[in-house]
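> Please build the complete structure, drawing on both the sequences and the hints.
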Amino acid sequence: MTKNSKYLEGLRSKSALELNDELVAAKKELFNLRFQNATNQLDNTARIKEVRRNIARIQTVLAQQSAKEA
Numbered sequence: 013m014t015k016n017s018k019y020l021e022g023l024r025s026k027s028a029l030e031l032n033d034e035l036v037a038a039k040k041e042l043f044n045l046r047f048q049n050a051t052n053q054l055d056n057t058a059r060i061k062e063v064r065r066n067i068a069r070i071q072t073v074l075a076q077q078s079a080k081e082a
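13 is the number of the first residue of the sequence shown in our numbering; add one for each residue after it.
Read the hints as simulated data drawn from the structure, not as lab findings. Computed from a predicted model, the values in this text were never measured in an experiment. A couple of the hints might just be wrong.
Here are the computed lysine-lysine pairs in the DSS-like style, where the Cα-Cα straight-line distance is at most 25 Å [what the hints assert, rightly or not]:
no. : residue 1 : residue 2
1   : Lys18     : Lys61
2   : Lys26     : Lys40
3   : Lys26     : Lys39
4   : Lys15     : Lys26
5   : Lys18     : Lys80
6   : Lys80     : Lys40
7   : Lys80     : Lys26
8   : Lys61     : Lys80
9   : Lys61     : Lys40
Structure (structure tokens):
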């Protein structure tokens, strides 16, 4: 089992409220990473890509959950 599939399983087991909280936290982290990158303080630039993909994963799971409820 890959790291991503474990992360997705964890997301799917959470409620919409928990997912929204995690989404807000990920967006804040992305903002901070972009700020660090702009000021040349960021060492691991690959983290930006990883956080962006995690945001997309969270949004996808939220959309799937809302589609199930509808």
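> Hint by hint, note whether the structure agrees.
The hints, checked one at a time:
no.: 1; hint: Lys18 / Lys61; in the structure: holds, 18 Å
no.: 2; hint: Lys26 / Lys40; in the structure: holds, 20 Å
no.: 3; hint: Lys26 / Lys39; in the structure: holds, 18 Å
no.: 4; hint: Lys15 / Lys26; in the structure: holds, 17 Å
no.: 5; hint: Lys18 / Lys80; in the structure: holds, 21 Å
no.: 6; hint: Lys80 / Lys40; in the structure: violated, 28 Å
no.: 7; hint: Lys80 / Lys26; in the structure: holds, 14 Å
no.: 8; hint: Lys61 / Lys80; in the structure: violated, 29 Å
no.: 9; hint: Lys61 / Lys40; in the structure: holds, 14 Å
The earlier numbered hints that this structure contradicts are 6 and 8.
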